[in-house]
Amino acid sequence: MQLISLQFLIFLPIVALLNYIIPARFRYIWLFLTSACFYASLDVKGIPVLLFTIITTYVSGLIMEKKEGNIRKAVLFIAVILNLSVLGMSKYSGISLFGAIGISFFMFMAISYCGDVYKGKTAAEKNIVRYALFVSFFPNVTSGPIERAGHMIPQFKEPKDFDYERMRDGLLQMLWGYFMKLIIADRCAILVASIYANPEEFAGTATLVGSILYTFEIYCDFAGYSNIAIGCAKVLGYDLIKNFDSPYLSESIAEFWRRWHISLSTWFRDYVYIPLGGNRKGTVRKYINVLIVFLLSGIWHGAGLSFAMWGLLHGMYQVLGFVFKPIRDKFCSIFNVDRKSFSHRLLRIVITFMLVNIAWIFFRVTDFKAAIYMVSHLFIPDPGFITEGRLYNLGLDRPNVLLLAASIDLLIAADIANLAGISIREKIAGQGIWLRWFIYIAAVVLVVTCGIWGPGYDETGFIYVQF
Amino acid sequence: MKKKLGLFLKTILFLVLLGSALMAAMLVTERKSSYIKNRAFFDEAKKDHLDVLLLGSSHVIDGINPLVLYDDYGITSYNLGGHGSVMQETYWTLIRALDYVKPDYVIVDCYMMEKNYQYLDVMDEGASQDMINASVKQLHLNMDAFPLSRLKIAALDELIQSREIKNQFLCDFIVYHDRWSEIDRNDFARLTDSGDTNKLMGAEMQYGVKTDVDVYEPCQEGEVLPEHTVGEEYLMKIIDECQRDGIGILLVYLPFSAETKDQITANTVQLVADKYGVPYINMLKTEGVIDEAADLNDHGHLNVQGAYKVTEYLGQYLNENADLPDHRGEEGYDNWDKLVKRSKKDLNNMILDGSELRLELSLLSNTGYNSIIYINTESPALEDEGIRHLIANISGTSRIYEAAENKEAYILVNDVGLGKKYEAVGGEVLEGFDTSMGSMTYIPVEKKFRLLYPTADESINYLYDDEHTDKDIQILIYENKGDAPAAHLYYESQLREYQDQY
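Heads up: the sequence lines are chains A and B, in that order. Remember, this note's numbering sits 329 above the position in the first sequence when you count from 1. Remember, this note's numbering sits 4 above the position in the second sequence when you count from 1.
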């Protein structure tokens, strides 16, 4: 049962209905049971791994809270090493025994819990069912957001009562997530698969189009999932942290990482970058720390050289950004560039987008040489790919390509509004009933009718589920 | 409390509106072929107007025309044949139909009874994925129009193995939502139930004319299938069902270019018919029903003329053997009269349009139109056995072969009104011959010039005009004296592609 399956659309209302009927103090038990069922429906053989993580980190938390000094450190070390070993064997050894859906996500949540208990940022949770719910909460167990115990466990202890507005907002966020996934990401995926399958055949403009489409595909796939997960949790009365915040409108790579997969970036910041010394131990050490964090981030996604290269590229972007900052500042000063002007900001957004876009090429390909080939052929002009209609021969006909283009425009508009602090969901909710309902109904009909689903569709195909 | 109640009612209203919008989207995106095919069935069944059901595969769809049965015998029937339908699907088509109507008689074509597999999405070892996909797609034609019911679910359980594919039949929106990019006005007309529907009571006429005859090794006399097949099992179920419900049944094996295996299957059906004591007509062995060199659309399917002949034959059988009422002129059957009229009008327009030479010759051989067919000296059409055969079917003589032998000009006047035929070959003159247009004269002069005129008015020449000197075949269709020909068709037979260029 995936978040985009019909079974889930039946499962969620039943879970939500009973969730609000059951007395508040017992809800966590109900949610844990449903989360366990949800996980079992996805990956029964992963349950031992999930239980292993829950039990080892739960016991570690209890011990760390009771003990002091080196014993706490040793327990933290053992808990982290044990879990990272299983994670490492799962991802890099190919031993299926250790494999489990969402392992990278729920283990990072459990490890962060241990770190927080160790630092005294959060109290150890005594109730193992409640703790198990934190690790396995079904909306975010497979692909995040990577939550923190300090944020979730208090919510499970004191669940909110039913709130119509919250429910509506959650459903709308889910709908937006389905739009991103089924209308944009899965449409992009069809064109991207054709182009990336034969980079040499599509050298030139097609490569540029393909790479940009992949940049939108991975965003809409992952942010779409996050929106569904966050909306789903909201329907049940819980808040998950924001995972994406208009990332492609960032004006620098550093800003991009404050807006992209926020729960992972902050995790690496809090549990790797800062413990390594962050920027407190000099400039060179800071650069090294940045490179380490991004290399680890790349490796977290998978064992391939491409992932490591993708992470390193982002690390290098940032380091070079620091190194060249004085030169850029000088340049702006000499030419009297207004850094706050629209044109300058737009230029920065475009450059950042293209740097991210190039890095995604390494992320997508399995063959390193193919990535180099694609990057070197990215800007060879071949307008015939679009003007002669070759674009329409890659699995999507003209109406589908037009729908994709219009949908990406809508996505960009929504991200701009988000950046400006405008909540489109709130704006719609503030409209009169008939317009509001018309928008809701039209959106559902659009997603259901024009979404890519049905025979041959792989509903397990969220890109980040594999991580 | 009041606020909560208001909220609850608003939610219910919203869900109703949302459900309606989704239902509308489902209707609009739905592939309309099943609706088009079966819409009239539901109407006629509701009025209890259907005395006969016609069941089988595409051989039935293309081979039996309910409007001919009505026009010539007053028998009301519906063609429920399904493209690619094997016997188990034919059985379930009958069962579904019986939920709506109780016919007096059922005609079942037994083509593909040799098929020995249960599930359409599995088939047998030799089946390719494309064949399976086509088979599942064809099943949609038969099933989609029938609403979800226990019968439909039971049918799917016997026809489809995969749960995923079954779901696509239980909610076809799973498959058809992708049609959003191709929907047109007719798709939206589905919302008001006013879209295009089949006008031949479920039949579809084919208009190709296959003149080359396929030759297959004949099976041994009385040779039958070596094993009991799934198809045979379901044929027996069909007979059981009909006999239990007191419905008359006629088994048939409609004619086509039958391969050896088909001939064996046709023989085997006789055993089943004998076992149950039901009538069976094996049309592969029935002489004189169709002309294989003129009445087939392709290897397996009858064309419009073949369908007419087969339907006539079956109508005659029913007339003599089944006690079925003649509904012609009865109150409440106006729709049938209108459809017959419309069908004839369409056919007449097709004849006057004459877009394809073989079809034109085929239609002229069996309709009430007076026609003049002229083929010029050295026309490639004279070397075409198919064309010669079709012309000989009209003339009833072999003079076209005589013309072909010396590549000479040929003219045939087929005056149906007067019941007279005239032919001339080479330099032969036809002087003052009687036609429905009056007395006419034909004089061949030279290759590019010949005369055909009313004997009383030599200023007219029907067989020559400057614009069409390169066209080697002409057909005139005419009616009465004093009227200009209803149609004057020109064809060019180079490369044996007979194109209308008039």
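Take the hints with a grain of salt, since some may be wrong.
[What the hints assert, rightly or not] Quick look at which bits of chain A chain B covers, simulated, 3 or more residues with Cβ under 8 Å:
no.	segment
1	349-357
2	545-552
[Claimed, not checked] Calculated lysine-lysine pairs in the BS3-like style (CA-CA distance at most 27 Å, straight line):
no.	chain 1	residue 1	chain 2	residue 2
3	A	K756	B	K14
4	A	K396	A	K420
5	B	K14	A	K489
6	A	K756	B	K425
7	A	K489	A	K396
8	B	K156	A	K489
9	B	K241	B	K50
10	B	K241	B	K265
11	B	K8	B	K50
12	A	K610	A	K489
13	B	K424	B	K313
14	A	K756	B	K7
15	B	K6	A	K489
16	B	K203	B	K265
17	A	K610	A	K448
18	B	K7	A	K489
Since the hints were derived computationally from the structure, they do not count as laboratory data. Just so you know, these numbers come straight off a predicted model, no measurement behind them. The beta-carbon is built from N, C-alpha and C at its ideal position, and this holds for glycine as well.
Verification of the hints:
no. : hint               : result
1   : 349-357            : violated (count 0)
2   : 545-552            : violated (count 0)
3   : A/K756 with B/K14  : holds, 20 Å
4   : A/K396 with A/K420 : violated, 33 Å
5   : B/K14 with A/K489  : holds, 23 Å
6   : A/K756 with B/K425 : violated, 83 Å
7   : A/K489 with A/K396 : violated, 34 Å
8   : B/K156 with A/K489 : violated, 45 Å
9   : B/K241 with B/K50  : holds, 26 Å
10  : B/K241 with B/K265 : holds, 23 Å
11  : B/K8 with B/K50    : violated, 45 Å
12  : A/K610 with A/K489 : violated, 44 Å
13  : B/K424 with B/K313 : holds, 23 Å
14  : A/K756 with B/K7   : holds, 23 Å
15  : B/K6 with A/K489   : holds, 22 Å
16  : B/K203 with B/K265 : violated, 34 Å
17  : A/K610 with A/K448 : holds, 21 Å
18  : B/K7 with A/K489   : holds, 20 Å
Of the numbered hints given earlier, the model fails hints 1, 2, 4, 6, 7, 8, 11, 12 and 16; all others are met.
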